[in-house]
Amino acid sequence: MAGKVTHDRDLRSLDRPRLGRAFGPLDAEERLPRELVLDHGIAWRGVGKRIVALLWPLVLLAGLAILATVAGLHFR
Numbered sequence: 000m001a002g003k004v005t006h007d008r009d010l011r012s013l014d015r016p017r018l019g020r021a022f023g024p025l026d027a028e029e030r031l032p033r034e035l036v037l038d039h040g041i042a043w044r045g046v047g048k049r050i051v052a053l054l055w056p057l058v059l060l061a062g063l064a065i066l067a068t069v070a071g072l073h074f075r
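To convert, note that position 60 of the sequence shown is 59 in numbering that gives the first Met the number 0; the numbers rise steadily by one, no gaps.
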C-alpha cells in the first residue's frame with residue numbers, strides 16, 4: 000500500500016495566526032502553573048519507578064523458576 004504524498008496545499012489549515020499565538024514562546028515574567036513546577040516529592044516517585052523497572056525481570060524469573068519447580072514435582 001503506497002503512502003499518501005503530502006503537499007503544501009494540504010497543510011494550509013496549519014498556517015493560522017491562532018497557532019502562532021497558542022504555540023508561541025513563553026513569557027519570561029509569567030509564573031508556571033503549579034503542575035509544571037518540579038516538586039521534590041514527585042521527583043522521589045521517579046526513583047521508585049526506576050527501582051521497579053530494575054527489579055521486575057528478577058521477580059519474573061524467580062516466579063518462572065518456582066512454577067517450573069512445582070510443575071516438575073507435580074508431573075513426575
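Be aware that a few hints might be false.
Label-pair distances were calculated between CB atoms; the ranges are [what the hints assert, rightly or not]: (1) A52 <-> F22: 30 to 38 angstroms; (2) W55 <-> E28: 30 to 38 angstroms; (3) P32 <-> W55: 30 to 38 angstroms; (4) K48 <-> V4: 35 to 43 angstroms; (5) V4 <-> A67: 50 to 58 angstroms; (6) V4 <-> R30: 38 to 46 angstroms; (7) L60 <-> V4: 47 to 55 angstroms; (8) V46 <-> L72: 38 to 46 angstroms; (9) T5 <-> L53: 38 to 46 angstroms; (10) F74 <-> P32: 42 to 50 angstroms; (11) V58 <-> V4: 42 to 50 angstroms; (12) F22 <-> T68: 34 to 42 angstroms.
Hints are computed from structural coordinates only; laboratory data are not their basis.
Remember, predicted model here, so these are calculated numbers, not experimental data.
The beta-carbon is built from N, C-alpha and C at its ideal position, and this holds for glycine as well.
Checked hints:
The hint said 30 to 38 angstroms for the Cβ distance between A52 and F22, and at roughly 33 angstroms that hint holds. Range check, W55 to E28: about 45 angstroms between beta-carbon atoms, so the 30 to 38 angstroms window is missed. The hinted range of 30 to 38 angstroms is satisfied by P32 and W55, whose Cβ atoms lie roughly 33 angstroms apart. Restraint check, K48 to V4: a C-beta distance of roughly 42 angstroms satisfies the suggested window 35 to 43 angstroms.
Between V4 and A67 the C-beta distance comes to about 54 angstroms, which sits within the given range of 50 to 58 angstroms. The hinted range of 38 to 46 angstroms is satisfied by V4 and R30, whose Cβ atoms lie roughly 45 angstroms apart. At roughly 48 angstroms, the beta-carbon separation of L60 and V4 lies within the given 47 to 55 angstroms, and the hint holds. Checking the proposed 38 to 46 angstroms range against V46 and L72 shows it holds: the Cβ atoms sit about 39 angstroms from each other.
Here the CB-CB span from T5 to L53 is close to 42 angstroms, well matched to the stated 38 to 46 angstroms. Between F74 and P32 the CB atoms are about 59 angstroms apart, so this pair departs from the stated range of 42 to 50 angstroms. Separated by about 49 angstroms at the C-beta atoms, V58 and V4 satisfy the suggested range of 42 to 50 angstroms. For the hinted restraint 34 to 42 angstroms between F22 and T68, the CB-CB distance of approximately 57 angstroms leaves it violated.
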